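Asks: Sequence:
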Amino acid sequence: MTFYASFTLLRKAYKENFNNLFIYHLIYLAIFAILVFPFVIFLINQLLAHTGTTVIENFSIASYLLSPAGIITILIILLGTAFFVTFTHYSTAIATSSRPLKDLSPKVVMKEIYHHFFALSLIGFIYTLIYIGLALGGLLSVLIVLIFFSEHSLQTLLGATTLTSTVIFLGTITLFFLSLYFFIRFSLIFHVFALGKPSVTYALKKSSLLIKNSYHTTLKLYFLTFMIIVIVLIITVILTSGLILMLAILDHFPNLPAMIKILYTILLLTTSSLIWFVFAFFANSFWMITARSVYHRQKLRQENINPYPLSSKHIPFSSIYLYISIGVLIIGFAITFSLFMPFLQRELSDEEKQVMITAHRGSSLRAPENTMSAVNLAITESADMVEIDVLHTKDGVVVVSHDNNLQRMAGIDQKISDMTYEELQNADVGKIFSPEFEGEHVPKLADVIEVIIANDRRLNIEIKEYGQETIEEKVVKIIRETDCSNNCFVTSLDYQTLQNIRAIDPRIPIGIAISIAIGDTHGFDVNFYSAADGLATNKFITEEKKRGRDVMIWTLNDKDVIKAAVARGANNIITDDPIIAQEALREYKELSLITRFILSLQ
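Per this note's numbering, residue 257 is the first one in the sequence shown, and the count goes up by one each step.
Since the hints were made in silico from the structure, they are not lab data. If you're wondering where the values come from, they're calculated on a predicted model, not measured in any experiment. Cβ atoms here follow ideal geometry from the backbone N, Cα and C, with glycine treated the same way. Warning: the hint list may mix true and false statements.
30 Å max Cα-Cα, derived BS3-like pairs, lysine-lysine [stated by the list, open to error]:
(1) Lys720 - Lys671
(2) Lys650 - Lys730
(3) Lys671 - Lys700
(4) Lys733 - Lys700
(5) Lys795 - Lys815
Label-pair restraints from in silico Cβ distances [what the hints assert, rightly or not]:
(6) Leu530 - Leu378: 34 to 42 Å
(7) Glu737 - Leu436: 55 to 63 Å
(8) Thr798 - His472: 33 to 41 Å
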């Protein structure tokens with residue numbers, strides 16, 4: 257079968273089943289949004305409450321997931337996902353099954369799911385595991401490749417040998433391709449179950465056999481489907497980007513009434529949401545149509561599995577698309593207006609509040625990170641704060657460095673914790689960055705604080721060693737001795753480390769650095785948050801401001817991303833490039849209220 261013939265087959269099948277697919281898409285979205293997702297979140301919060309906490313963060317997540325409560329949490333997430341996968345795939349399989357009209361109603365589908373609930377749940381669970389394998393294998397493989405081409409190495413990040421790193425990479429690649437194999441081999445399982453013998457074993461074997469008998473044709477159809485979905489995704493991105501560009505054009509009409517701008521903004525945002533809704537519908541349904549076409553090509557009617565003709569009348573939903581479009585517009589207006597009012601209130605209250613710029617590990621774009629040169633350059637570039645990382649040497653001196661191993665910065669495969677401070681001074685951490693900085697050494701924390709105080713700046717000290725009270729006591733002692741309590745803050749990815757700092761000296765402000773969290777992310781007893789960009793949502797920042805806590809966002813080096821973070825209400829931007837950040841803040845002040853609102857939604 258040629259690609260053109262394959263495309264013609266898919267287009268015809270999609271056209272014939274459009275109405276049925278559309279109504280089922282609405283049903284399963286509603287079920288997931290109203291029932292499944294809130295119920296799963298409720299159960300997870302209840303589990304966390306029984307463990308005596310409301311939130312698990314960063315490194316605590318691994319130990320929690322290995323605990324009995326964590327295993328139950330994983331099972332709840334898997335079962336919730338399995339239910340969603342089962343309902344969407346099975347209902348779509350029936351919607352494209354060409355059964356008589358009376359067998360295509362949602363009531364009939366729900367009745368069938370009820371009668372075969374346990375069998376379908378098992379199939380959904382199997383498919384969920386395959387999806388997880390695809391996602392984990394694919395993402396980890398890409399991540400490892402990106403790390404390989406970055407300034408870091410897998411050995412440095414994990415403390416692994418070259419052999420171990422190679423095994424990890426091969427393992428992720430194997431997981432991805434193995435999951436892809438089973439994904440293709442069992443891709444007809446829901447169709448076989450829906451139209452044939454309702455047995456899990458039979459559906460698995462039959463799907464595998466059907467794919468095996470037409471492997472090349474199946475791969476061609478699936479590849480074509482994947483490429484079509486990618487093309488539609490690109491078109492979706494272009495359309496939504498065009499809408500945002502049209503909104504930016506409004507800035508060139510300062511005399512346009514504010515209400516017209518607001519209504520126009522809401523209309524375009526709603527249209528943008530509708531475009532993404534259509535893409536989500538298209539991607540899921542088109543993939544299932546492909547599987548249905550593969551299934552039909554095996555002439556299953558000869559085996560008395562599908563006695564119905566390929567084509568049947570559509571469910572008569574006259575004017576339903578008009579009603580749905582009107583409904584989506586009304587809901588979109590309501591949601592956008594509800595988002596706009598808090599944004600407007602925040603903008604008015606924060607109008608005179610300065611957004612601070614923190615130089616990440618000093619001005620690390622133009623100088624070797626965590627060095628005196630990077631700190632001094634950050635001050636020269638008018639950064640409000642400097643962020644550094646601290647470790648301690650074998651003889652107990654607190655020094656400024658992100659990595660315990662000197663391989664990345666100095667080309668020396670030695671750990672700082674195994675060296676005395678005197679031995680550490682033989683390591684040149686500047687020449688790899690640039691010959692201009694040859695002779696740069698790892699500085700003491702006390703020396704950095706001295707420069708910070710002399711230039712009336714603030715210092716964000718991130719502790720990189722966890723579970724070692726000695727470094728926490730030493731950091732507090734240095735802060736006291738240098739009289740830096742008003743200029744120094746302490747952050748860490750480890751919550752217990754921060755609690756130890758607070759127990760030693762409650763006057764020192766502490767902040768949790770969050771990259772990932774489960775549960776109530778507002779439940780930490782800290783003075784501020786240092787959050788990854790993906791976690792610092794509009795809602796998160798608004799809630800923290802109500803609690804009187806600032807939110808710093810890291811690590812932002814793109815002007816558009818910085819402006820979006822400021823629009824969401826960030827108090828502090830952590831960046832490798834203070835100059836770019838300052839330019840972004842100046843440009844942000846010149847933007848109209850409408851454009852700022854659009855940015856706040858990103």
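Asks: Against this structure, judge whether each hint is valid.
Replies: Structure-based check of each hint:
Proximity of Lys720 to Lys671 is assessed by CA-CA distance (about 13 Å); at most 30 Å being required, the pair is judged to hold. Pair hint Lys650 plus Lys730 holds up; C-alpha atoms about 13 Å apart against a cutoff of 30 Å. Proposed proximity of Lys671 and Lys700 is supported: the alpha carbons are some 16 Å apart, at most 30 Å. Under the criterion of a C-alpha separation no larger than 30 Å, the hint pairing Lys733 with Lys700 is consistent with the structure, at around 14 Å.
For the proposed pair Lys795 and Lys815, the alpha carbon gap of about 22 Å is at most 30 Å, so the pair holds. Look at Leu530 against Leu378: about 36 Å separates their beta carbons, and that is inside 34 to 42 Å. Restraint check, Glu737 to Leu436: a C-beta distance of roughly 59 Å satisfies the suggested window 55 to 63 Å. The given range of 33 to 41 Å is broken by Thr798 and His472, whose C-beta atoms sit roughly 54 Å from each other.
Figure legend: structure checked against the earlier numbered hints; the only hint not met is number 8.
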